[in-house]
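Visitor: Chain residues, written in single-letter form:
2 protein chains.
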Amino acid sequence: MKAGIVTIGDEILLGQIIDTNAVWLSKELANLGLDVSFILTVPDTKEDIERSIDMAFTQAEIVIMTGGLGPTKDDVTKKTIADYYKIPLEFDDILFQKISKYFDFRQIPVTELHENQCLMPKKCTQLENNMGTAPGMLFKNDKGWLISLPGVPYEMEWIFKNSFLPLLRSSYPQLGNIYFRTIRTAGMGETSIADKINDIAEEIPEGISLAYLPSLGHVKLRLTSKNNISQIPVVNDYVDKISARLGNLVYGYDDISLEETLKRDFVSKGLSLSTAESCTGGNLAHHLTSIAGSSSFFMGGLVTYSYQLKNQLLKVKNETLVEYGAVSENTVLEMLEGLLDSLKTDVGIAISGIAGPGGGTPTKPVGTIWLAWGNRNIQKTKKLQLTKDRLKNIQYTTNYAMNSLRLFLTELELD
Amino acid sequence: MKAGIVTIGDEILLGQIIDTNAVWLSKELANLGLDVSFILTVPDTKEDIERSIDMAFTQAEIVIMTGGLGPTKDDVTKKTIADYYKIPLEFDDILFQKISKYFDFRQIPVTELHENQCLMPKKCTQLENNMGTAPGMLFKNDKGWLISLPGVPYEMEWIFKNSFLPLLRSSYPQLGNIYFRTIRTAGMGETSIADKINDIAEEIPEGISLAYLPSLGHVKLRLTSKNNISQIPVVNDYVDKISARLGNLVYGYDDISLEETLKRDFVSKGLSLSTAESCTGGNLAHHLTSIAGSSSFFMGGLVTYSYQLKNQLLKVKNETLVEYGAVSENTVLEMLEGLLDSLKTDVGIAISGIAGPGGGTPTKPVGTIWLAWGNRNIQKTKKLQLTKDRLKNIQYTTNYAMNSLRLFLTELELD
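If you read the sequences in order, they're chains X and A.
Using this note's numbering, the letters of the first sequence map in sequence onto residues 654 to 1068.
Using this note's numbering, the letters of the second sequence map in sequence onto residues 654 to 1068.
Treat the hints as calculated values from the structure; they're not laboratory data.
Keep in mind that the hints are not guaranteed to be accurate.
Chain copies aren't distinguished; within one or between two, either way the pair holds.
Said to hold, decoys possible - Subject to a maximum C-alpha distance of 16 Å in a straight line, what follows is the list of computed EDC-like cross-link-like pairs (lysine to aspartate or glutamate): (1) Lys873 <-> Glu664; (2) Lys732 <-> Glu743; (3) Lys916 <-> Glu743; (4) Lys849 <-> Glu912.
Just so it is clear, the structure is predicted and the values come from calculations on it, not from any experiment.
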């Protein structure tokens, strides 16, 4: 069964607020096994709302509309829907008593605006709202169900779960659950991964879809099965097959982040970590400490932006800096050595590069970044050649660094 | 002129990712003075994309479509649009050379999938993409312009600004009659600011709107005049009036960030800065180094997550850590002293707190954060009492720290 979401509000169209209601609703509907066939945002005018209803029922049988149910004059949804279905509004005494009680309790005087809220379409199912004064409305028509909910997120969510879902489930008991798994990878681009698993992807049976979700240095692969519980083991089989092919490109599954994976691996091996950052300027340390419990393996880091601090804190030799430059394999290796000497952690990582947009030279263009990581016995190095975009370079390098540390621990295991 | 946004992607309809592209684009289009009349999200199938084009041009003349331009088989946008306009695809040699060069540089082999990317619609204007391999496309038709952009945010944003906007502006020179100014403040909440300038806000004439855009520790005030050039001096007058009232809450105007303001102030005074972070874990250093040229004042920082490093690197006394705890005024003052001793910068800042979600105690609940900042002669301290949300606490504290440093430099001036 197909569902659609219509959100009403000029703030969304002006880019002033994020449409979190659509995100929340689409997740809920997808988890019910409904196909969300569109999300549409329109201005809060009569014409736009009418047009959106016309369009919505060409694509969906369950249409959820949010916004425009409050008492202020820019909220026109209720009147528009009632007119659209030619249902008169009438004063609802029970609702008025409820609203009056609500405001009395809060010692707020009931005004004409509140009384307007009690004008309700005669033929609609009111959806109780325990979080505010405007109830939701369900209009059944020959094309499907139109559900109008307030735009305030916690009111909308409460009505959806408590007043709407029970009605939906009792009318459509066959509604099932969607099943999806995510394989998280780092270290290879979307295209190369697609190439690598092409033959497996080709044989994935009807009803299961595979999607690639790339970000800087990461690619997530998502396998989804809709409305067919018997396919759950098949999805899991393909997760295993693809994972086996991708080997140690895979760092985790479903909701686990690379940061979480690193924490788990360091903690399970009882190893400690420290960082020495130049061009990433603390972003790696920030990522490592963005998750709860990071103090269980991350001891700290140095952000040595200047030559002088590389020399003073990390004992990088002046000759090295002069002969090879701050962005060189020699420098990052000395940074790593100095870091392990000073902070005395089991594992360390050092980064130095030209994040840009300025500062490049013919032999070391903007985006040249050196990394060194390892322990007392084994050190690895890598030169990255990235873009001219400062923030992208910083984030890509941070992701690359975390993945290098992950692989380093894996390799330690093999020894 | 009306614009519309179509975003393509199952991940959005499944509620798995937030449609940040639509937010970014609607803001950009609104700033150009275009009316965004809808945002529509559809699945990545041929039928849905075709239908979205049909619908889009009933409501808008400029339609921006994002997503579905990558090389993997779930990306169908290019083929669908070409079919829709009955334009054949042909192999683009120049693009192939560009893509080959891009991958050669990164030592990645060029595959068949990359070659598919070089099949481009014959009659369309390619929009250069300096951030990736898939160019944007502009299709002019009798109903308006259809612009197809990749879904990867930084690629989409780059193409929009650098390749599309110049074309749009040259074809529609009347665009951009919107005039707006932004006053950027830090250190007071939205409601208190609104209270403070209420009388000024009341007298702002018709045609100019005032909006409050709050974020963590910051509030931006935006004054907008649409399509009325004669109001420009009036907008500027109100910017001055409001700024005079708000005093040193104002840190900048329009696009200048707090990071940029700090750099400007430190550089103009010839002062250097270093940081000692515990609970913010490098996020402050990351923000300071997120802008080009930060090495002109920021020397470096220490992320001292463990007790041991606070003691070793910053010479915080063990007695202090034991008696007052790592999250205390005494500890941050000693951290600051140790920082200035070791890194020898003119100004420093030290932060220690409980970011959460765990680690709180009855006397120091989660969200307790101490800061100390200053120079050799003057030190200031502040205790923040924040939330249970780790990332929110880290970001709020980072913003608070930057604003404290800004105010510190202002006060130095007054001495």
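Visitor: Give a verdict on every hint.
Guide: Evaluated hints:
no.	hint	result
1	Lys873 <-> Glu664	between (32 Å within a copy, 11 Å between copies)
2	Lys732 <-> Glu743	within (11 Å within a copy, 52 Å between copies)
3	Lys916 <-> Glu743	neither (50 Å within a copy, 49 Å between copies)
4	Lys849 <-> Glu912	neither (26 Å within a copy, 43 Å between copies)
Consistency note: the structure conflicts with the earlier hints numbered 3, 4.
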